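Residue numbers (the working numbering), protein chains in the order written: chain R, 1 to 337; chain Z, 1001 to 1337; chain G, 2001 to 2421; chain V, 3001 to 3421.
Hints are computed from structural coordinates only; laboratory data are not their basis. Computed from a predicted structure; not experimentally measured. Warning: the hint list may mix true and false statements.
As the list claims (entries may be wrong) - Here are some chain Z residues pointing at chain R (derived, C-beta under 7 Å):
1) 1100
2) 1284
3) 1285
As the list claims (entries may be wrong) - Straight-line alpha carbon distances no greater than 16 Å define the calculated EDC-like cross-link-like pairs of lysine to aspartate or glutamate that follow:
4) V/3421 <-> R/186
5) Z/1333 <-> R/292
6) Z/1333 <-> Z/1299
7) Z/1046 <-> G/2019
Even for Gly, the Cβ is constructed at its ideal location relative to N, Cα and C.
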Amino acid sequence: MTVRNMIEALNDAHDVMMERDGDIVVLGEDVGYFGGVFRVTAGLQKKYGTSRVFDAPIAELGIVATAIGMAAYGLRPVAEIQFADYIYPGFDQIISEAGRMRYRTAGEWPLPMVIRTPYGGGIFGGQTHSQSPEAFFAHMPGIKTVIPSNPYDAKGLLIAAIEDNDPVLFFEPKRIYNGPFEGYHDRPVTPWAKHPAAEVPDGHYSVPIGKAAIAREGEAVTILAYGTMVHVALATAEAEGIDAEVIDLRTIVPVDIEAIEASVKKTGRCVVIHEATRTAGFGAELAALVQERCFYHLEAPVIRVTGYDVPYPHSMEWTYFPGPARLGPALRKALED
Amino acid sequence: MTVRNMIEALNDAHDVMMERDGDIVVLGEDVGYFGGVFRVTAGLQKKYGTSRVFDAPIAELGIVATAIGMAAYGLRPVAEIQFADYIYPGFDQIISEAGRMRYRTAGEWPLPMVIRTPYGGGIFGGQTHSQSPEAFFAHMPGIKTVIPSNPYDAKGLLIAAIEDNDPVLFFEPKRIYNGPFEGYHDRPVTPWAKHPAAEVPDGHYSVPIGKAAIAREGEAVTILAYGTMVHVALATAEAEGIDAEVIDLRTIVPVDIEAIEASVKKTGRCVVIHEATRTAGFGAELAALVQERCFYHLEAPVIRVTGYDVPYPHSMEWTYFPGPARLGPALRKALED
Amino acid sequence: MNKETERPNRPALSLHVPEPDARPGDEIDFSHIEIPAAGSLRRPDVAAPASDTRELVYSLVRVLDHDGAAVGPWDPRLDPDTLRRMLRDMMLVRVYDDRMYRAQRQGKTSFYMKCTGEEAIAVAAAHAMDRDDIFFPTYRQQGLLVARDYPLVKMMCQVYSNKGDPLKGRQLPIMYSDRGHGFFSISGNLATQVPQAVGWAMASAIKGDSRIAAAWIGDGATAEGDFHNAVTFAGVYRAPVILNVVNNQWAISTFSGIAGGNLTTFAARAVGYGIAGLRVDGNDALAVYAATAWAADRARSNLGPTLIEHFTYRVEGHSTSDDPTAYRPQGAGAKWPLGDPVERLRRHLVSIGEWDDERHQAQQEALAAEVRAAQREAEAQGTLGSGHYEDIGSLFEDVFEDQPWHLREQRDEALAEARRK
Amino acid sequence: MNKETERPNRPALSLHVPEPDARPGDEIDFSHIEIPAAGSLRRPDVAAPASDTRELVYSLVRVLDHDGAAVGPWDPRLDPDTLRRMLRDMMLVRVYDDRMYRAQRQGKTSFYMKCTGEEAIAVAAAHAMDRDDIFFPTYRQQGLLVARDYPLVKMMCQVYSNKGDPLKGRQLPIMYSDRGHGFFSISGNLATQVPQAVGWAMASAIKGDSRIAAAWIGDGATAEGDFHNAVTFAGVYRAPVILNVVNNQWAISTFSGIAGGNLTTFAARAVGYGIAGLRVDGNDALAVYAATAWAADRARSNLGPTLIEHFTYRVEGHSTSDDPTAYRPQGAGAKWPLGDPVERLRRHLVSIGEWDDERHQAQQEALAAEVRAAQREAEAQGTLGSGHYEDIGSLFEDVFEDQPWHLREQRDEALAEARRK
Ligand SMILES: Cc1ncc(C[n+]2csc(CCOP(=O)(O)OP(=O)(O)O)c2C)c(N)n1
Ligand SMILES: Cc1ncc(C[n+]2csc(CCOP(=O)(O)OP(=O)(O)O)c2C)c(N)n1
Ligand SMILES: [Mg+2]
Ligand SMILES: [Mg+2]
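Given only the sequences and the hints, what does the whole structure look like? Please build it.
Here it is as structure tokens:
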């Protein structure tokens, strides 16, 4: 057991798995000697050599495509896309190729590969270092999408992703790399060290893909969240003194429908929160699922608390960011109705 | 007034606008001398010359990017992507560039451009000639997304799209290019000639972007549809003898929320239908909107009738395709509850 | 020229849009095409630096001369059995193409694509590589499967999307895939397979394996970013891969000038990236064999990738959905100066006394019979028109290794819907 | 080497991963870099076929020799005023960079990027082109704005994301955009601007206009598919565009070998596509000017695109978020054999008697004062830290020409939220 922040936990997940399995290789922009712009792969090249950990050309298409080829060969590549905002050049290879290879080859060519990428805002990164594109990948078949919210889950889920025999997109909320963030940008940041989920076991363990966690039990209203928003949800429930149940989805495809249904049927009210733009975001899928399956338990409409349908701004980042000031009133509204 | 199928109507829209505006240029794979694999641009190069209508390299990224540059110069490019399934190489240029240029230049560089692309299945095209990726474009700001369901709208909406000062994605349901399709693959196809909406005015007219049409009035249940599914909805309502109101959205961004609310508040029941895969499809957004805004009028959950979350199949196309056999029971269920 | 932008002593610009030499109605004229004499091109040592191929990319590797003699340093000196086997494979591919094309016309399937005139490019390459090397093909390398004795019946069942389709009716006809035969799944998305092949080759190098990869791509598809990424990665990591550009001069209705073919050769791309490049007479089976063997040797010796342009001509339409007379002169293919690959190899075998007309005739008939028999067997398992692959449960399998709840639910919905129908 | 895949007489492959010559702790050694003598490279006629530049791409266009004399056929023979203006612009860029870098360190903004050592590449190009030509830059061509007299205060307001920011606080610092100055919006997504520049140039040709475009891209970003698409379209349609590759040998922590820089030059890419290519000493303002003027002449004469590699070195870190000592030897930049562009142009002006140390000193101080004054004026309008651009309504404008219902609703939500805060 060691206290680790999210970067250290992710780095350790790589280390543990590369130690166990010689077929795991790591590639991406600046991931080699330098260890990644967020240091997630720090030290791996030194330990495992340049043919297992290497820098890639600035070509996300090529990074994904060569990872597909490596997985087709039988390796288990872990590719880093430097920022989720830069995943689009690789979109076709992910959507049309990685997501369909097992299917179109009738199972002959499964692709065990992980695409990791730092995502989300809150770091004054402007419109190209802040996006949350998870909904895109939820819409197309064949891709699992994982989003951890703390160091313990980050390591366990990344190990599960590496061991999974299907392509997994692994979004890392960069705002909480170094500490949980509750959405109060004007308060001092707390490091992970003070957080129980920073107690990360050494060695191998995994957190199952497709299983949500109940981050907070409650009776009054269900909050569906993932990534940074889990911390916003917890803080807001406290601040508002609302008996909210906070579900940390952890995986959005496949989503843990039992956990969602059980909670909403208990509380009868549901608020969905994500940082991505609202229209056709994953919150729409969650709202659709909840009203389809819990309609007669719902006492109020499912409310979406999200980023706005505009490019992620720079100077007005905190106006855009869905924090307690947005979630609080939504919770109260969900309870009023 | 001339009887036109959808291809002829779209071709005429190009012709009418190119005649009026010398800044309109057409580019895409095989659109020049040949006139496009679906013949939508037939005759245009002969009439307007190779510098206004020309073949492009097989590079969807370059087609979109050069169109962006042309629009930045002041032209109004109309780019064809041969099949919507091949739009992904251009995804980054659409999402990150076209959709944000007006915003990130504080209005100095608007991009009046249209990206047309045949889409949807029902033609045994397999997984790469059948997709409906509309939801992707609905999720990112700055792009309008239009989907016509008949020749009259096709011409009027394409003219509106060309005259619009923002990037417009124009999805053409290829299954209904030559005639309406109600989803009964085993029945003879009817040509557009027999359909009132094939009466297409000559010359200039436009159908406003963002306005839905009531394709069928009804009191019992609202069906939200677009493209090919409008015909499936109409046929199913008839076949089931259900007094359904069929809303042809025509535009999904911006969606006509008044029309949707008015209808659902009247009927109290809503079924959403699209051909795209279900999870995080645009149907999720519609279901989320409806339950957010009409919750207290809803007597039953919003039901989604969609394609399945698998790659579009070849031999079992009709098992995948959401036709009357899928919509009918959904309508009955919506009425039961 | 538009007034507002007019400026003194600045000439008006104009857009250049390349046009093919001939359109329907015109006389097709290939006389401007430079064809170096067979045997005239030097053959660098396999271990030569890539820069040693810099001028080769503007010429053509040619072995078979006009009379069918094999000449020059690139002659692979193949034994007669191999030559006969290659001839047989090429003939078989052509017979197979004709039958399947006709089957589509008869409504037995939705789509088909022939490779007429390009048979040597796949067949000779397959024979020049090892059985356990891997291929990342496009839809025009059916010859690779034939050369590796992939069962014709299986190929046909895939084309028919019938009960025997190894791909369970999921893929468009001709989108074959077979791991056991080292034939990677054909993608409908052009060019995607090329960087994937590079990744496979990198993996082989990472594991200290000795197997190499080969990818094929059309002239038109080289414009995709995938191609650029593929060559970049292959060069940087010295991936043991052969990158074949099949320049048949057409991309549906678009001639190769729109892909940049009027500016330089496709083989010259190699120079731009600093990797080895060769340009080959794609209708000369021995030249294709020799170039492939040279590139394979380099790759196996850890000397990295070679880009090979196969200069050929698409004799038939793009696919069953295409009518080439709408955009190019009729019968252009017959006039192609580099001739027919099958005929050229046949003439060579005859010229060295290892083949004759009777044997050729006999083989032609034997192959026709073989294909007819295979077709009967395949059609016994159904066609797309009648008795196509139908197993609703399977529609929801192989999306993921195990089926998540939402696919289980959707499968049940589909089964219920089928019961109602 | 793993057992299963071992095979007789087949050598084991291994992955080649290029490594820079020196890492932290090593002595940096640039002695292997080939530097042709200034003036030694021939200058083809502007109307020469692209193929006439085939060997030029392996050398360097150099004009300023060691003693600051301008020599050889590429000497643009500029008048002293232009030379002094270029020197002034380069000096100003450097002063500006230093101030803004410091401002970021002082917490006045979130991010900054310097172009130290690369000033000539933007400044000389801007002076070699017409005022109404358009630029599609990356984040390291702030010199283009300076050369076109874009107000320093506006630049600073953008960097501060303050009330005076012409981009309304929407963009990351240094992502300038100004239509009036022909400076296209800088994108955070690398390489996207290059095919856009080609499209703009195609439009200019379509309209019979006479204006041309120029794009810049880094060595690392050339690996993106956008670059390939850009060069392909530019070549095919003979777009009047100059494609500048700024090879400063680093991409954050990744050296140019990972982009293929060890295999050949970036200028050689031009050969691969069959367009004109030049390789230039990027620290020699006169060479940059001459090459740009040559390419501009070709473009204006409807002879199509030119790809120019500017060979230089990234003296500073990638950005304020980067510490280069973590991956390369300290002070590597100071050892760069092609020297400092400002110093080299200064020496040239002095050598021709058009400049001296006093004037240089005076100008240095004048520029410093000018920048300080501009900074005061900019900061009076706020910084990101205090008084950044804040107008909630504007957050929802310019997404579309007119605001659809959902953005109106969201704006109202945001305004209500602000009132609550
Ligand atoms: C990404 C993508 N864009 C467009 C298409 C449509 N398409 C299919 S084949 C083809 C022409 C390909 O020409 P070429 O690469 O020369 O190969 P050939 O058919 O000549 O063998 C096109 C445009 C596609 N399949 N994929
Ligand atoms: C598509 C994309 N991928 C990755 C990045 C992250 N990134 C920003 S700058 C940079 C390095 C660029 O290097 P180079 O092109 O050589 O330009 P330089 O910084 O040296 O001027 C990277 C990888 C990005 N901005 N966009
Ligand atoms: Mg071709
Ligand atoms: Mg660089």
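Going back to the hint list, which numbers does this structure go against? Every hint satisfied by this model.
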